[in-house]
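Participant: Residue numbers (the numbering used here), protein chains in the order written: chain W, 83 to 505; chain V, 3 to 285; chain D, 23 to 382.
It cannot be assumed that every hint is accurate.
Claimed, not checked - Calculated pairs, DSBU-like style, for lysine-lysine (alpha carbon to alpha carbon, straight line, at most 30 Å): (1) W:K115 <-> D:K99; (2) W:K102 <-> D:K99; (3) W:K102 <-> D:K270; (4) W:K102 <-> D:K84; (5) D:K149 <-> W:K115; (6) D:K138 <-> W:K115; (7) W:K102 <-> V:K22; (8) D:K45 <-> W:K115; (9) D:K149 <-> D:K138.
To be verified - From the structure, some residues in chain W lie toward chain V, with a derived Cβ separation under 8 Å: (10) A117; (11) L137; (12) M138; (13) L323; (14) P327; (15) A338; (16) Q366; (17) N370; (18) L383.
Honestly, the hints are just simulated from the structure, not real lab data.
Positions of the beta carbon are idealized from the N, C-alpha and C atoms, including for glycine.
Listed here are the chains, written in short residue letters.
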Amino acid sequence: MTTISTSAGMTIDDDGRALKAKFARAERARQIKAAGLVAPLLAFVLITFVVPIGLMMYRSVDDPVAVRAIPRTLELLNHWSPDSAPPEAVFKVLGEELLSARESGDLGKLATRLNYDVPGTRSTLMRTARAMRRGPAEGRSHRDLFETIDPKWRGGEILAGLKSLNSPYTRSYYLAAADLTTNLYGDIVAKPPHQRIYVSLFVKTLWVSLLVTALCILLAYPVAYQMATLPAATANLLMILVLLPFWTSLLVRTTAWIVLLQSNGVLNDLLVATGILGDEGRIQMIYNMFGTVVAMTHILLPFMVLPLYSVMKTIPPNYLRAAESMGAPPARAWLDIYLPLTLPGAGAGSILVFILCIGYYITPELVGGRTGQLISSAIAYHMQSSLNWGLAAALGTLLLVGVLALYWLYNRIAGVDSLRMGG
Amino acid sequence: MAKPPPCFGLPGRIRNIIHKAVCASVYLFLVAPILVIIPLSFNAEPYFTFTPGMLTFDPEAFSTRWYRDIWDNEQWLRAIRNSFFIGISAAVIATTLGTVAALGLSQASMPYRTAIMAVLLSPMIVPVIITAAGLYFFYSGIGLSQTFPGLILAHATLGAPFVVITVTATLSGFDRSLTRASASMGATPAYTFFHIIAPLIAPGVISGGLFAFIISFDEVVAVLFLSGTEQRTIPRQMWSGIRESISPTILAVATLLILVSVMLLLTLEVLRRRNERMRGIGI
Amino acid sequence: MTGPAVRFERVQKSYDGETLVVKDLNLSIPHGEFLTLLGPSGSGKSTCLMMLAGFESATGGKIYLNEESINRVPPHKRNIGMVFQNYALFPHKTVAENLAYPLKVRKLGKTDIEAKVARALDRVQLKRFGNRRPAMLSGGQQQRVAVARALIFDPEIVLMDEPLGALDKQLREQMQYEIKDIHENLGVTVVYVTHDQTEALTMSNRIAVFNDGVIQQLAPPLDLYEKPENAFVAGFIGENNQLRGLVKSARGGECVVQLHDGSLVTARCVNVAGAGSATTLSLRPERVEINPPDGKHPNRFEGRVEQLLYLGDHMRIRVSLCGHDDFIVKVPNASMHPGLNAGNSMTFGWAPENCRALEG
Ligand SMILES: Nc1ncnc2c1ncn2[C@@H]1O[C@H](COP(=O)(O)OP(=O)(O)O)[C@@H](O)[C@H]1O
Ligand SMILES: [Mg+2]
């Protein structure tokens, strides 16, 4: 083998190249062995997680149906400006293509797709296609025929809408996710105020997440501090109180809050029984934003206590004693020494709570009522009810980008290895 | 005794009392909602609140009818079977893949360790609704939607990061000179793995597996998106129960689930202690 | 058996592909020898041991066991016993199970194993502790189990990497004798790593002094102390005055060296190049005589006593002499000199053969 001869001939004086090559070979063998162990899970995660999410993201720009169903119409519309009257040929070709789309089954998809951009036009397209079998009456233009089938063809809005579908890729789902749309000329404009939903929903999601994170810090700090300063045996017992909700089913915890907070629930009953409230004055504490915030804080609090506790446990009490021995009053020593040392734990915990909160679905959906729902509910709605998957994918992608940015930040601050949940 | 945090100007004793009171309220906030469910699940009336009879401990006001309800309801029984079937299958897959990966990740020579670790742990970070949406599209393309294998794979993906974390943490405390000692005494790498490494990391692997199980057992978003009526699990059944305003049967189910989590928590605590004792002062 | 038990031939080791932590190591270890690798921390001793045990591969060169190359033999086929610094006792097995482990691996019969384990426990005086877990033993007891475990499968060679490092001083000295005893009774070859020179000097047949991945000197303890071959060894083993100067003349194994302050010292040439070359004189503090009779030594200098330290059996004196203010002299308490007080000037002298002129 070659290695044997080179090793015999190698001396310290060699310029190190032989040494390096030999070393690199040994190192590579070790790397391959380690990578081989990781490979199965990596492949598994790629297939069941990364690829599906990639497909979802693709769906947020994927828009093949118009290009497939009405290619010739799109070609003609390319030369058309919405200021001028559309040429007769457009209607003629569109009529033919709608007819064949109806047979190939693309018509419904096209109509649904157009309806996303130009609301209320799905039926127009369906009706027009159905009528096309007969063709225009003697001496009348195709355009007349279209306009008699549905007066909506008059404005040029539908044609402008179709024209904007002239690429297999679209940005319109992202525009919709940002409460934007395009006008007849293809310029990006804001949606009319009553249709603006998602920007304020995103903003609301961020605010709720910030609020929940802040509440978690406020509640977790004294508790973590107490556990860190108590003897280990007592601290372990108290830790069980933190871990019990953590290990209890999410649905159970959500149910618990409904039972507690609903208007005929335990808390209201208690307030009425003690005379603080009249029977008429029961407070609505659930199925609104209040319910969401309370339940989310309850669910995410352990994620804040654990990192804070593990950081605090490593701060030797001697630091505070040293500061006090140098003449700092206890409060001062605490602010100057203890608080800064706990910041990494608080930072890691905050990012974690925030990440988990902005993407949470179950609890806001169940206890949020109409006002307490977050962006995830909109995604679920478009996935399951409206079936506007492109928009769901666009909203999901935006959420994902935000989460991944925070995840990156978390890794910079705390490192992936510190990501421990209740372990 | 806990050293109270300094509150400006207040004497230590009062500070201490305030601190304790604050902590006690936080513990109450954490635990009370869960504990309230338990007595309510024995309510004789179909209400979600304490009846006057319950408050006076009238035996008539209590009953186990909601538990019998579960027993008599084929839907709940099937949900229970499904939950255990899916949870155990997903945990087995996640534990196997996660443990093997953790063995690789804890070697010094692992290339791109941080980046790969970040990818492997991301299913835990990415909102489940996004994962579920992605899988929904993916599965409908390959015929896995509304099937058990589809759900099991999805839950294995969600649970694997917890196994990776738990087992790498166990391995990071593993003394490499033990494997060297074993080899110096003539044991092959395989013998060393089964007689030295495996027994020592077993507690970590089991906790990882329990983690993966509870993740699946408690998961509902993926189930909402990917299951049909055949694959309904306990959380999915509770979801419907809560939405469609319901019988207190879900309180009975919730109580049983609390029992499950208490048992898991105790098991984990036992494993942790055992692990500490085993590697304990030995060094 | 003829030939050495172990031979390193031009062995090199690098962990990062850039720097060599072991450079061109050549070393033969005869059967039955107790060889110690001694050197400061980070000098590459453990690395050499790990290469011999097979846990690290040699980046260059070859290692022979009974004149057969073992570069490609995996650790578990080398039949080399090893005692680790932290003992590496298996925490989940009892003491007896730990001892039985190498025998089980070798598929010995049950009765055989039991007999051997009992004998091993007896040898290290732990008969009653067979059923305990390692965590329930004291440090010294764990150490004994580790030694017994490394020997129970009758390896020809036993490696020990700072095995006594974690013990307190008294226990350490006791264990030194026990290990030495075992070595003499069993006749195994021992390669022992330590950074403690006393340990090395008391236990070894030969010592290899390591620095920076290179063996500085390989010699029996007595030679190492009395005849260091270079400034590093002289400085590392025992206390030592080092005086730097230039060789004025050299003749018949003796040379005259001019120190920086101009004083001339007659010394014994060990490895200096000749007149004009730089040299370091090495002189043991206990070889310096106070107020020697006139004409006894060619080296006689006036010095000022700076500091006296009482150390029980002897006195340590710091002196300003020949331009050095940290010249150390040691005298036994029995031979106290009148007038030995801080601030006094006195005469100091030494014989040329006790003052070694070393390269550099
Ligand atoms: N596994 C390793 N990876 C990288 N460098 C190492 C490793 N082990 C030792 N070294 C380096 O090699 C040098 C020699 O180490 P070592 O053989 O342990 O010295 P000693 O046992 O004499 O204290 C040191 O500089 C140390 O930092
Ligand atoms: Mg070492």
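Participant: Are the hints correct? Go through all of them and say.
Facilitator: Verification of the supplied hints:
1. Proximity of K115 of chain W to K99 of chain D is assessed by CA-CA distance (about 21 Å); at most 30 Å being required, the pair is judged to hold.
2. Among the hinted pairs, K102 of chain W with K99 of chain D is consistent with the structure: their alpha-carbon atoms are about 28 Å apart, no more than 30 Å.
3. Of the supplied pair hints, the one linking K102 of chain W and K270 of chain D is violated, its CA atoms being roughly 46 Å apart against a limit of 30 Å.
4. Between the alpha carbons of K102 of chain W and K84 of chain D the distance comes to roughly 18 Å, so the proposed pair stays at or under 30 Å and holds.
5. For the suggested pair K149 of chain D and K115 of chain W, the alpha carbons sit about 43 Å apart, so the restraint of at most 30 Å is broken.
6. Taken as a hint, the K138 of chain D and K115 of chain W pair is broken in the structure, with Cα atoms around 38 Å apart against an allowance of 30 Å.
7. Restraint check: the Cα-Cα separation between K102 of chain W and K22 of chain V comes to about 62 Å, which exceeds 30 Å; the hinted pair is violated.
8. At roughly 28 Å between alpha-carbon atoms, K45 of chain D and K115 of chain W fall within 30 Å of each other, so this suggested pair holds.
9. The straight-line distance between the Cα atoms of K149 of chain D and K138 of chain D is roughly 12 Å, inside the 30 Å bound, and the hint therefore holds.
10. This hint holds: A117 of chain W has a C-beta 6 Å from the nearest C-beta of chain V, less than the 8 Å allowed.
11. The interface hint given for L137 of chain W holds, since its Cβ lies 5 Å from the closest Cβ of chain V, which is under the 8 Å cut-off.
12. Hint status for M138 of chain W: holds, given a least beta-carbon distance of 4 Å to chain V, under 8 Å.
13. Residue-level restraint check for L323 of chain W holds (minimum Cβ-Cβ distance to chain V is 5 Å; threshold 8 Å).
14. At about 5 Å, the closest approach between the beta carbon of P327 of chain W and any beta carbon in chain V falls short of 8 Å, and the interface hint on this residue holds.
15. With 8 Å as the threshold, the beta carbon of A338 of chain W comes within range of chain V, its nearest partner Cβ sitting at about 4 Å, so the hint holds.
16. Hint status for Q366 of chain W relative to chain V: violated, with the closest Cβ pair at about 16 Å, above 8 Å.
17. Because the beta carbon of N370 of chain W sits about 16 Å from the nearest beta carbon in chain V, more than 8 Å, this interface hint is broken.
18. Satisfaction of the interface hint for L383 of chain W is found here, the shortest Cβ-Cβ separation to chain V being roughly 6 Å, below the 8 Å cut-off.
Violated hints, in rising order: 3, 5, 6, 7, 16 and 17; the structure is consistent with all others.
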